[in-house]
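Trainee: Below, each chain spelled out in residue letters.
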Amino acid sequence: TAGITQAPTSQILAAGRSMTLRCTQDMRHNAMYWYRQDLGLGLRLIHYSNTAGTTGKGEVPDGYSVSRANTDDFPLTLASAVPSQTSVYFCASSAEGNQPQHFGDGTRLSIL
Amino acid sequence: QKEVEQNSGPLSVPEGAIASLNCTYSDRGSQSFFWYRQYSGKSPELIMFIYSNGDKEDGRFTAQLNKASQYVSLLIRDSQPSDSATYLCAVETSSNTGKLIFGQGTTLQVKP
Numbered sequence: 132t133a134g135i136t137q138a139p140t141s142q143i144l145a146a147g148r149s150m151t152l153r154c155t156q157d158m159r160h161n162a163m164y165w166y167r168q169d170l171g172l173g174l175r176l177i178h179y180s181n182t183a184g185t186t187g188k189g190e191v192p193d194g195y196s197v198s199r200a201n202t203d204d205f206p207l208t209l210a211s212a213v214p215s216q217t218s219v220y221f222c223a224s225s226a227e228g229n230q231p232q233h234f235g236d237g238t239r240l241s242i243l
Numbered sequence: 415q416k417e418v419e420q421n422s423g424p425l426s427v428p429e430g431a432i433a434s435l436n437c438t439y440s441d442r443g444s445q446s447f448f449w450y451r452q453y454s455g456k457s458p459e460l461i462m463f464i465y466s467n468g469d470k471e472d473g474r475f476t477a478q479l480n481k482a483s484q485y486v487s488l489l490i491r492d493s494q495p496s497d498s499a500t501y502l503c504a505v506e507t508s509s510n511t512g513k514l515i516f517g518q519g520t521t522l523q524v525k526p
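So the protein sequences, as listed, match chains A and B. Converting from the first sequence to our numbering requires adding 131 to each position, the first position being numbered 1. Converting from the second sequence to our numbering requires adding 414 to each position, the first position being numbered 1.
Please note that a few of the clues may not be correct.
Stated by the list, open to error - Pairs of lysine-lysine residues, derived as DSS-like cross-links and limited to a Cα-Cα distance of at most 27 angstroms, are as follows:
#, chain 1, residue 1, chain 2, residue 2
1, B, Lys416, B, Lys525
2, B, Lys481, B, Lys470
3, A, Lys188, B, Lys416
4, A, Lys188, B, Lys470
5, B, Lys470, B, Lys456
6, B, Lys525, B, Lys481
By construction, these hints were calculated from the structure, which means they are not laboratory data. The structure displayed is predicted, hence computed values, not measured ones.
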């Protein structure tokens, strides 16, 4: 079973470079989300999309952008990476906005 | 600032005992509540969700919700060593957009 696929699984990136984290789901879920998880701070919502063509800001959106061109894909872009963006990034999806969210396996990103 | 509070633990229980995990939240308008289990180095896995006051049971797991007290709990009966993990409480903000606020999690240790 596929569910939610994130790529890459891990990445080391030089500060100032750009990076796009990929997220694809095959469950035809309308809503998708990006979180970052940091020790001591827990999971925090970066951006979300309740349906294709719409996006919204979460708790920590600065330095990140997203797009939702179709139902299945929800890429997260860091335009100019900074060391504070070192984190584990999780993509999630749900059938509708208030339904349970299911998570991908995550991307471990280190910015040097 | 909307908050979700959990005791970080660790909560240690013997095998076969009942583990009780607690969570309080600040947004009185919240309607949807979720419990996730996260093993070290893995992604969050949905355990339970609850929308109405009272108890909801699924196998060895029971979620309890008291909206008046802004309190949600997770009971794990007949705890097993494989239940040892971090349990995350998540509360949807009253905006009903699927935006979740996560607690920092409670680490559960089940000792054989």
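Trainee: With a cut-off of 27 angstroms on the C-alpha distance, tell me whether B/Lys481 and B/Lys470 pass.
Mentor: Cα-Cα ~14 angstroms, so holds.
Trainee: Is B/Lys470 within 27 angstroms of B/Lys456, Cα to Cα?
Mentor: 26 angstroms, holds
Trainee: For B/Lys416 and B/Lys525, compute the direct alpha-carbon distance and say whether it is at most 27 angstroms.
Mentor: Not satisfied, since the Cα-Cα distance of roughly 35 angstroms exceeds 27 angstroms.
Trainee: Regarding the pair B/Lys525 and B/Lys481, is the alpha-carbon distance no greater than 27 angstroms?
Mentor: 33 angstroms, violated
Trainee: Take a quick look at whether A/Lys188 and B/Lys416 sit within 27 angstroms of each other, Cα to Cα.
Mentor: Status holds; Cα separation ~15 angstroms.
Trainee: Would you mind confirming whether the straight-line C-alpha gap from A/Lys188 to B/Lys470 stays at or under 27 angstroms?
Mentor: 32 angstroms, violated
In terms of the numbered hints stated before, the structure departs from hints 1, 4, 6, listed from lowest to highest.
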